[in-house]
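Those protein sequences? They're chains C, R and S, same order as listed. Position one of the first sequence corresponds to residue 1 (my numbering), numbered consecutively onward. Position one of the second sequence corresponds to residue 1001 (my numbering), numbered consecutively onward. Position one of the third sequence corresponds to residue 2001 (my numbering), numbered consecutively onward.
Source of the hints: derived by calculation from the structure; they are not laboratory data. One or more of the hints may lead you astray.
[Unchecked claim] Some residues of chain C that are not near chain R, with every Cβ distance over 10 Å (derived): (1) Pro136; (2) Lys137; (3) Ser223; (4) Gly225; (5) Ser240.
[Stated by the list, open to error] Here are some chain S residues pointing at chain C (derived, C-beta under 10 Å): (6) Thr2070; (7) Asn2092; (8) Met2135; (9) Leu2269.
Cβ atoms here follow ideal geometry from the backbone N, Cα and C, with glycine treated the same way.
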Amino acid sequence: MSGPESPAGPVDLKSQMARAAASLHDAPAPKASAATSDLSIDETLLLHSIDWEPVELVFGAAVVSVPGGVWNWGDGEIVQASDAHAKAIEVASLHMDRQCAHVHGWGVVGVSVDVAIHSHHIDVRLLGTAVRPTRPKPTEKRQFDNRGGFISDLSARDFVLLRQAGWAPVGLTFGTSFVYAPRRSAGTVLQQKGQNVELANLTTAMYSARESAMERLQASALSLGGQGVVAVRVWEGPVSFAAHAIQFSAVGTAVRLEADAHQYCQPQVVLPLDDSVVQFDATSLRH
Amino acid sequence: MSSVPSDIPAESEGRLSAPSFSSGLTVPDFAACLQMGLEPVGLVQGYCVMKWSFYGAGSPYMRGMGAYQYNTQQGAYSESYQCPHGYVGGEHISWGQNFEQTMVEAAWTQGFTSAYSRLLEEATEAGGHGVIGLVDTVRSLTDQAVVEFHLLGTAVVVSDAPGPPDGRPWTTYLAGQRLAKLVEAGFMPVSIAASMASVQVWPYCMTEYYLRGQGGTYRWSPQYATSEIEQLSRAQMAVCRLAREHVRAQLGTDTLYGATFAASDYESSGGPVLEATLRGNRVRRFKAFDRLDPPRPTVRLT
Amino acid sequence: MTAAPKNETTGESEKPTALPTDLPKDASRRLKELEDGLFTSDLSVNEFLLVKEVGFHPLGFVMGSSIYHTGLQVRKFTKSEELTKLTEAMYNARELAMTRMEEEADELGADGVVGVRLDVNYYEWGNDAAEFIAMGTAVKAENGQSYRNKVGKPFTSDLSGQDFWTIMQTGHVPQGLVMGTCVYHIAHRGLGQAISSMGQNVELPNFTQALYEARELAMTRMQDEANELGASGIVGVRLEEKSHQWGSHTIEFLSLGTAVTKTSAEVTLPRPTTIISLDN
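Could you build the full structure based on these sequences and the hints that come with them?
Structure, rendered in structure tokens:
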């Protein structure tokens, strides 16, 4: 990670380790700040390289009810299910936001989004690490005075890359739409049996559902003041307990250009030489 | 973590006194450790099998008929919910409660701590200063109430350094390059930290209605729309918070890195039970942070 | 992407492409928002930065879909042959999805679409209906220059952000995602043949021949598409074989790749540094 021209020169790991081990005999610093984080050491080092630090493991959870009977057959969107999903994400984010503000974080990175859909309730759990700059410049301030900061499902690594390019995450965006699977009448099915044709109604129904999930994602990005949404993940599929109900979801992190202009990163081209690691397998010698 | 009396089986004592070392490290990790002056002295492990029965708090048999606060321990999490309807009937559950199952948590902690202490004993026996590359598994044996805790790691000696204070080896889930980076960044591993939290939910009438899909009796009532099930939301938040608090209590002024969080839930006869575990590396700063240069992005040609 | 292999100028298959405004209402509404400056992209942060690096800005996540009934065609049990009706159906369905995706990109004023994925979904409720989906991120050059292809449409490419960056460094510009498909029925062997070759290790020339022909047809069609775009080559060619839901003797051979043209002789790709990583 540190370039070959690193000014510190090669580090004598042996003496570092010995020094570290000896330090256990010293009394711990009385006023050390105790952070908790689920970041790896690599991610922590990366954050430090741009003068940010992890503060605390924070979470947000919400359970929202879905009225009975909405999963039965019907037409078009399953409005209550879509509502419940949106509400659960919103409430969970709010809880996470409060925790982040409470520990003086500026935002949360590496947020894992865990959604469980049950017939009568939708559960959402968010978990991530609150982060903040170690030495905020006077010009910088927390993005939102009334809220904890941004929530982002980007890894700390992606967060660092974005910051270096002049961008900053502003929040988690979500769009979900549940629809009843479109149906064809028995007559139509028979008629189309031997044909290879487009099923226009079905196309429209599915297409619209997907577009409305995306539109919700965009609407939430706009409401957060985002200029774009990166790393959008889309998924879809039948609901586990109701195969005729289909879920479309899109999730991503809204971003905004903080610097005056995009900072180009000028990547270096590398050729890894460790593609095939030959494992020496002793047992294979017997054959 | 409290220590338990020495009870390593004779077999492992024999193994540990052998002149050759064994190590669970991968070759790159092994190479990195030698570079750091860490010499493996043996593969060490600790087991504990626990059985717990459900006759304390959290037992479905404990469910009372009134708004009765069941607290096994001072300061344990507990919240009660009162029926807003104001009518009484056999079918109508006019109160509900969320509470921390301190006995379940205590049993988990005891199991984990026992396995951990045995691992430390093995490591001490082998003359190790620390244990690296720890792997732990907690799994149910045969049925839900019997749980096996297993910890495995590689004991190491730090060359040119004194042994740990009180002879108690330090431990970490990290090994190899990751451990090297941690030390280079100015952190010394102290120990692993792990905790479990368990919250039992006894739903009251409102929660019960929602869980049955009857949020609002009439379609035109405002409750027919979706609504947050507050009792469950709060229980979810509580179980996460408790797991974090329990780990925090083990940290002192040290930092927790590389934590992993796992949550699960199951249905007991009294209602949903939410559980969470949190584990990570307790580390201590021993020198100021050497800030790296911001990394240069690369593109791989493969 | 231009057109299906044969007889596409006659009858049925002409109809779908003659529907330039067939995007659902929701799509237009969503795209309106994107025109106002918000962008959405399914590119990872790495890819986003690399696309920016070569001077493109993402405009929006675009998609196209078509649910198509791909029923069966009568197959002769003992004859190996192309099932032209099915080939055509598979072609049309993908074309429809791709065309709609291009329309969305066009509506955004894009120069191209990168990271295109083509998927086929089957649903439990579908009865032989399959959904063909194309999605990707529409991009536009920041220097105002047009990168549209020879036929005036936004280019499409299934290259990742990393590959897109690399190919641009070599003086090549993507022209379009090109594909060729061929649905082939491979004959069941007659009883007599099966008995006579029993216990022998022999080549089955009919099978070899059939597989050979089917793959060649798919690849030739892909190359024809590239030629129509005036491309100088196709990179990242993949050959996929799928039986979909037709049983094991009917196979679709699909070849896909990104057609590119050389625009500059200058290769600006920096010399790679060789590395060996110590991560596990």
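Hints versus structure:
1. Distance check for Pro136 of chain C against chain R: the nearest CB is about 16 Å away, which clears 10 Å, and the non-interface claim stands.
2. Residue-level check passed: Lys137 of chain C sits 16 Å from the nearest beta carbon of chain R, beyond 10 Å.
3. The beta carbon of Ser223 of chain C is kept farther than 10 Å from every beta carbon of chain R, the shortest such distance being approximately 20 Å.
4. Every CB of chain R lies more than 10 Å from the CB of Gly225 of chain C, the least distance being 26 Å, so the non-interface label holds.
5. Once the 10 Å rule is applied to beta carbons, Ser240 of chain C is consistent with being away from chain R; the minimum gap is 16 Å.
6. For Thr2070 of chain S, the shortest C-beta to C-beta distance to chain C is roughly 6 Å, which falls under 10 Å, so the interface hint holds.
7. For Asn2092 of chain S, the shortest C-beta to C-beta distance to chain C is roughly 7 Å, which falls under 10 Å, so the interface hint holds.
8. For Met2135 of chain S, the interface hint holds, the least distance from its beta-carbon to any beta-carbon of chain C being 7 Å, beneath 10 Å.
9. The interface hint given for Leu2269 of chain S is met, as the beta carbon of that residue sits about 6 Å from the closest beta carbon of chain C, less than 10 Å.
The structure shown violates none of the earlier numbered hints.
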